[in-house]
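A.B. asks: Chain residues, written in single-letter form:
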Amino acid sequence: MKICIFEDEGYENLYPLSLTRPVFELKCGQVTLKERILRNFPGVYVSYFLRDYLTPVFSQDKKEVSVNEMEALKNENVLFINGRWLLSKGELNLTGEEEVGICGEETLYLRATTKTIKDCFSLNFREFIDSLKQKLKKKEVKARLVNYPWDLINNNCWALEEDFEFRVKKDVQGKLPSSATIYGEKDRVFIARSATIQPLVLLDSTKGSIYIDEEAIVFAHSHIKGPSYIGKKSQILGANIGEGISIGPTSRVGGEVEETIIHGFTNKAHRGFFGHSYLGEWINIGALCTNSDLKNDYSTVQVYIKGEFKDSEATKVGSFMGDHTKLGIGCLLNTGTIIGVGSNIVTAGKVLPKFIPSFTWYLNGKFYKGYGLKQIIETAKVVMSRRKVAISSEEVKVLEEAFKITKKEREKLIEKSKR
Amino acid sequence: MSVEERVKKIVMQQLRAREDEVTREARFVQDLGAESIDSIELMAAFEADFDIEIPPEEGERVQTVGEAVGYIEKKLKKL
Numbered sequence: 001m002k003i004c005i006f007e008d009e010g011y012e013n014l015y016p017l018s019l020t021r022p023v024f025e026l027k028c029g030q031v032t033l034k035e036r037i038l039r040n041f042p043g044v045y046v047s048y049f050l051r052d053y054l055t056p057v058f059s060q061d062k063k064e065v066s067v068n069e070m071e072a073l074k075n076e077n078v079l080f081i082n083g084r085w086l087l088s089k090g091e092l093n094l095t096g097e098e099e100v101g102i103c104g105e106e107t108l109y110l111r112a113t114t115k116t117i118k119d120c121f122s123l124n125f126r127e128f129i130d131s132l133k134q135k136l137k138k139k140e141v142k143a144r145l146v147n148y149p150w151d152l153i154n155n156n157c158w159a160l161e162e163d164f165e166f167r168v169k170k171d172v173q174g175k176l177p178s179s180a181t182i183y184g185e186k187d188r189v190f191i192a193r194s195a196t197i198q199p200l201v202l203l204d205s206t207k208g209s210i211y212i213d214e215e216a217i218v219f220a221h222s223h224i225k226g227p228s229y230i231g232k233k234s235q236i237l238g239a240n241i242g243e244g245i246s247i248g249p250t251s252r253v254g255g256e257v258e259e260t261i262i263h264g265f266t267n268k269a270h271r272g273f274f275g276h277s278y279l280g281e282w283i284n285i286g287a288l289c290t291n292s293d294l295k296n297d298y299s300t301v302q303v304y305i306k307g308e309f310k311d312s313e314a315t316k317v318g319s320f321m322g323d324h325t326k327l328g329i330g331c332l333l334n335t336g337t338i339i340g341v342g343s344n345i346v347t348a349g350k351v352l353p354k355f356i357p358s359f360t361w362y363l364n365g366k367f368y369k370g371y372g373l374k375q376i377i378e379t380a381k382v383v384m385s386r387r388k389v390a391i392s393s394e395e396v397k398v399l400e401e402a403f404k405i406t407k408k409e410r411e412k413l414i415e416k417s418k419r
Numbered sequence: 001m002s003v004e005e006r007v008k009k010i011v012m013q014q015l016r017a018r019e020d021e022v023t024r025e026a027r028f029v030q031d032l033g034a035e036s037i038d039s040i041e042l043m044a045a046f047e048a049d050f051d052i053e054i055p056p057e058e059g060e061r062v063q064t065v066g067e068a069v070g071y072i073e074k075k076l077k078k079l
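As you go down the protein sequences, you meet chains R and Z in turn.
Using the working numbering, the first residue of the first sequence is number 1, and each one after it goes up by one.
Using the working numbering, the first residue of the second sequence is number 1, and each one after it goes up by one.
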């Protein structure tokens with residue numbers, strides 16, 4: 001028996017976060033959706049199916065798995081798992097009846113034998129899955145499926161608690177200075193051995209667990225509420241970290257944040273508030289940038305998804321930002337704002353529009369094409385080298401493809417700005 | 001109004017420069033104090049006023065008022 005984690009057509013609803021990575025590489029809690037699935041099936045062989053242009057980057061350093069290879073599915077029973085599923089511990093068994101698990105209209109998983117796979121086989125993965133769906137017995141399942149970016153945020157507290165249970169084996173390992181305080185249960189706080197906690201830090205575990213990973217530094221006067229996760233080599237710069245925070249590796253966070261996922265390698269070092277938001281990689285947020293996550297009339301928030309405004313049916317929604325985007329000082333983000341990949345924003349105190357396409361310069365109320373993709377890649381090289389990371393040619397190709405995909409929406413707004 | 005007059009008028013407006021500063025030899029960055037943001041806005045203003053398309057890599061090479069005049073005159077001839 002092997003497993004196959006796949007992307008379905010739902011990836012577009014997760015733009016711009018999924019423009020530069022497969023949906024199952026998005027994070028919720030401490031880990032990616034993929035890692036959450038895989039830890040339920042240790043040692044099992046894995047196949048992946050994802051958009052072609054993402055394959056070279058995804059396949060780097062993964063020699064033992066197959067990616068987009070239909071033939072690899074032929075010789076064993078396979079458990080196919082939707083990559084957008086926030087799979088919980090013990091929620092799905094590797095073996096069991098042949099069936100398709102359905103959550104509303106969405107396919108969660110398909111369990112099929114070699115014979116059924118052969119009967120339904122097609123070289124087109126989508127057609128193959130559709131064929132399996134027709135053939136297999138349906139089972140209604142309740143599940144946490146990520147349909148929209150805000151689903152990652154809304155499930156983050158739950159995911160953080162599950163991840164804490166999954167990972168913690170021992171109590172505090174790192175040192176806690178005498179003037180730093182754990183307020184709440186001590187066994188709900190984990191400080192990795194190589195992490196540093198400076199004096200006058202308050203770790204509040206009364207409402208949830210706190211996990212501070214290897215080589216993280218929590219500077220003096222930081223206040224961290226659980227559930228929260230501070231990733232490897234990240235720095236908390238005297239910040240007010242509210243509950244529901246996931247900070248990936250090598251990020252710097254200051255000011256105030258709550259219910260937010262920072263994917264990794266992102267700087268939000270200064271004062272300013274971010275809430276109910278997801279920030280991709282290699283983002284820089286200037287001082288005093290702030291997002292709204294609640295409307296003044298407490299109505300549900302509309303978010304620009306696939307070319308139109310979609311009602312999130314939630315009253316608390318922040319902003320979602322693609323990789324390599326830069327916000328100049330003092331940007332004010334409206335409730336439910338989407339900013340694409342590789343954008344450059346400078347405002348003159350006014351609230352930003354709710355949708356800024358990828359690779360766009362938004363300057364003082366107008367959209368521009370800026371210096372183009374070449375310059376964005378040059379800037380990315382400089383930014384990444386500061387963290388001793390080199391951008392690969394495959395990663396450049398992903399940005400080039402993302403540039404093509406978003407061309408129409410970008411040109412439409414730039415043209416409108418000229419009038 | 002000639003191309004040169006139109007270009008100079010746009011430069012004065014966008015970069016808040018005086019008429020006597022905006023000579024053909026004036027460099028946008030060194031002489032007129034244009035930041036990268038100003039340059040982007042300036043190229044967009046040329047595009048809108050002359051109804052032309054300036055690719056980013058070509059726009060980057062235009063560094064003086066005179067070069068802008070020459071570049072736009074060439075573009076307009078091709079239309």
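One or more of the hints may lead you astray.
Said to hold, decoys possible - Capping the alpha-carbon separation at 30 Å, the derived lysine-lysine pairs in DSSO-like fashion look like this:
no., chain 1, residue 1, chain 2, residue 2
1, R, 416, R, 388
2, Z, 9, R, 306
3, R, 139, Z, 78
4, R, 381, Z, 77
5, R, 407, Z, 78
6, R, 89, Z, 75
7, R, 295, Z, 77
8, Z, 74, R, 412
9, R, 63, Z, 78
10, R, 175, R, 186
11, Z, 75, R, 306
12, R, 350, Z, 75
13, Z, 75, R, 135
14, R, 374, Z, 78
15, Z, 74, R, 374
16, Z, 78, R, 408
17, R, 408, Z, 75
18, R, 418, Z, 75
19, Z, 77, R, 366
20, R, 295, R, 232
21, R, 63, Z, 74
22, Z, 9, R, 404
23, Z, 9, R, 418
24, Z, 78, R, 416
25, R, 407, Z, 74
26, R, 175, R, 310
27, R, 388, Z, 77
28, R, 310, R, 381
29, Z, 9, R, 397
30, R, 295, Z, 74
To be verified - Heads up, incomplete: computed chain Z residues facing chain R, CB under 7 Å, no partners named:
no., residue
31, 34
32, 37
33, 40
34, 48
35, 56
These aren't lab readings, by the way, just hints derived from the structure by calculation.
Each residue gets a CB set at the ideal place from its N, CA and C atoms; glycine is no exception.
A.B. asks: Please write out, lowest number first, the hints stated earlier that are contradicted by the structure.
C.D. replies: Result: hints 1, 2, 3, 4, 6, 7, 9, 11, 12, 13, 20, 21, 22, 26, 27, 28, 29, 30 and 31 break, sorted rising.
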